[in-house]
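Trainee: Each chain, written out:
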Amino acid sequence: MHLDHSHHHTPAVSADAHRPDGSRRALRVGLGGPVGSGKTATVAALCRALRDELSLAVVTNDIYTREDAEFLLREAVLPPERITAVETGACPHTAIRDDISANLEAVEDLEDEVGPLDLILVESGGDNLTATFSKGLVDAQIFVIDVAGGDDIPRKGGPGVTTADLLVVNKTDLAPYVGSDLARMAADAKAQRAELPVVFQSLRSEAGVADVAGWVRARLAAWRA
Amino acid sequence: MSRAALLVLADGRFPAGGHAHSGGAEAAVKAGRVTGAASLEEFCRGRLHTAGLVSAALAAAAAAGADPVSLDAAADARTPSSALRVAARKLGRQLMRAARATWPSAELDAVAREFPKGAHQPVVLGLAARAAGLGAVDAAYCSAYESVSGAASATVRLLSLDPFDATGVLARLAPELDRVADAAVEAARRVGDEGVEVLPAASAPLLEIGAEVHAAWAVRLFAS
Chain S
2 MHLDHSHHHT
12 PAVSADAHRP
22 DGSRRALRVG
32 LGGPVGSGKT
42 ATVAALCRAL
52 RDELSLAVVT
62 NDIYTREDAE
72 FLLREAVLPP
82 ERITAVETGA
92 CPHTAIRDDI
102 SANLEAVEDL
112 EDEVGPLDLI
122 LVESGGDNLT
132 ATFSKGLVDA
142 QIFVIDVAGG
152 DDIPRKGGPG
162 VTTADLLVVN
172 KTDLAPYVGS
182 DLARMAADAK
192 AQRAELPVVF
202 QSLRSEAGVA
212 DVAGWVRARL
222 AAWRA
Chain B
268 MSRAALLVLA
278 DGRFPAGGHA
288 HSGGAEAAVK
298 AGRVTGAASL
308 EEFCRGRLHT
318 AGLVSAALAA
328 AAAAGADPVS
338 LDAAADARTP
348 SSALRVAARK
358 LGRQLMRAAR
368 ATWPSAELDA
378 VAREFPKGAH
388 QPVVLGLAAR
398 AAGLGAVDAA
408 YCSAYESVSG
418 AASATVRLLS
428 LDPFDATGVL
438 ARLAPELDRV
448 ADAAVEAARR
458 VGDEGVEVLP
468 AASAPLLEIG
478 AEVHAAWAVR
488 LFAS
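Protein chains in written order, with the numbering used here: chain S, 2 to 226; chain B, 268 to 491.
The hints are simulated quantities; they were obtained by calculation from the structure and are not laboratory data. Ideal placement from N, C-alpha and C gives every residue a C-beta, glycine not left out. Check the hints yourself; a few may be wrong.
Reference listing, derived: stretches of chain S covered by chain B, where coverage requires no fewer than 3 residues with Cβ under 8 Å from a Cβ of chain B [said to hold, decoys possible]:
(1) 65-73
(2) 92-106
Label-pair distances were calculated between CB atoms; the ranges are [said to hold, decoys possible]:
(3) Gly-151(S) - Ala-298(B): 37 to 45 Å
(4) Ser-427(B) - Gly-180(S): 32 to 40 Å
(5) Ala-184(S) - Ala-298(B): 51 to 59 Å
(6) Glu-76(S) - Ser-269(B): 48 to 56 Å
Bound conformation, chain B alone:
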């Protein structure tokens, strides 16, 4: 594997549509739940251990070669909010385009044909990692990190938060990110023998509710 490929895939500037999404931060800011660096850290911690853990495990399983169709169904089952399912598929489709252009692969082409309107983003992320020659651990880290980095950079724009404070939040979450990635990889490892049921199903009801509320706003900065 190439460690440098991981940097390419994990780069926030990788052109896969993420910049237009806030990871629920816009809804949380509007509701007064995120008002500064301290509450951003709590918000990101919550995301990391719920949506982040689930997406990291899906990504790790996909990178390890589990069936993408089963993983996509597992992602659906773990995403109660219809708005979030729509956003995950949009982002999956956008990531698929970027991944196919960056690391052409027959496997990616086949999944793109299977899901013309997009598979869930973490599943595509795992497949992209695989196409890039990366493994389950890399995919888990990428996905877990994305689950908090997008929300942090969106909050910089939403609150005019000091960008150094937002980056500090991410740095302080690093040890927990390690543990989430470990747990995700361990769950993904069992998928081969035991099926997708063993994948974590941690849920954050406020993220789901916030996403539904956000999708109904007439005026918003972010798509989700």
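Bound conformation, chain S alone:
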């Protein structure tokens, strides 16, 4: 996906596909979704799946701690200099949508400080169903929900579910235990999203994050084309 915009005259705006030195910047993928749906676990799994083939970094937006950043550091999915935490002033959706300046700074500093990057994952703080990323911050966004949060979430819709470039329904292994109907979730998601893709995943299964990683690879190929 290529960001179309009208700011070529001013390098101040970071939707620009190129860095100030003229090189192409990293693809930025946002991951949003409700608290506890598995955003950080998905980011960690993506890092493990992609780190040997790509140069990547992560920005976390914790609501009031550095928990997510520290989880990624503890799991050692990436070297510490490739993980940055942004503080969001009690409003995670503001930092990824209405006022993206701190996040833009973070992605730019990562590219400046750890060298050329292929991919930056920007993880939102856990939020509600209306949280989406600004197109000035990311090139594509993934919305992560889980089966235990209620199988009516795809039917309820909201900007995250209906407009995200990829919808991930996580923790499918829990469906039998919480009485969630995966077929119904799939049908509701289809109704809300038409042709936009949906992935059902369980990070505890053998396939793990493979489908999402494949989607990211395809995005990256399109970004570079």
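Once you've looked at the hints, dock chain B against the given chain S.
Mentor: Coordinates of chain B only, in the frame set by chain S:
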């Protein structure tokens, strides 16, 4: 000048990173110094006449065309807390991005190159006002108002304070805000002949100490 440009710049939704900062309110709430509307008003009054006056004068001087490098050094000298200097530069960098996108100007580009990691926010605010076609008075008002409005809206979130009470606090401070803006503009006017030394250097030790304590917390809602 365009009065409407002032509304754009002063709008709390202007995307320049301020929403993640509490202006010292989070530290003051935790320390029990701000517990409701009355103590919020005293806190904001203190901020307005100290940090607010200093930042308004810096902004006014920058808007009037004083040298940004000297003003930035003057801001450093007036900010004892290292945590506050870091926060001011972060916010300055974020405001610079928003200002350059909103009111493209060669002057802003030059200062952005001079300070790749950010100049002090009030200096950038003055330059942004200048790029928007505004004057020293506008910049002073913007900066003085920001010095209290950010703390008030942060306190709404921190204490679940009634938002009408918080807005009432700001309205009651308006006459004092007028006087602070006047004093800031008067000081800025003298900078041309007498140098940045004439800028006010009012200080609020508790804000400085609170900022240092706050920066060391492991768990917090706001960046400063």
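Trainee: Taking the hints in turn, state whether each one holds.
Mentor: Quick rundown of the hints versus the structure:
| no. | hint | verdict |
| --- | --- | --- |
| 1 | 65-73 | holds (count 3) |
| 2 | 92-106 | holds (count 10) |
| 3 | Gly-151(S) - Ala-298(B): 37 to 45 Å | holds, 40 Å |
| 4 | Ser-427(B) - Gly-180(S): 32 to 40 Å | holds, 35 Å |
| 5 | Ala-184(S) - Ala-298(B): 51 to 59 Å | holds, 55 Å |
| 6 | Glu-76(S) - Ser-269(B): 48 to 56 Å | holds, 52 Å |
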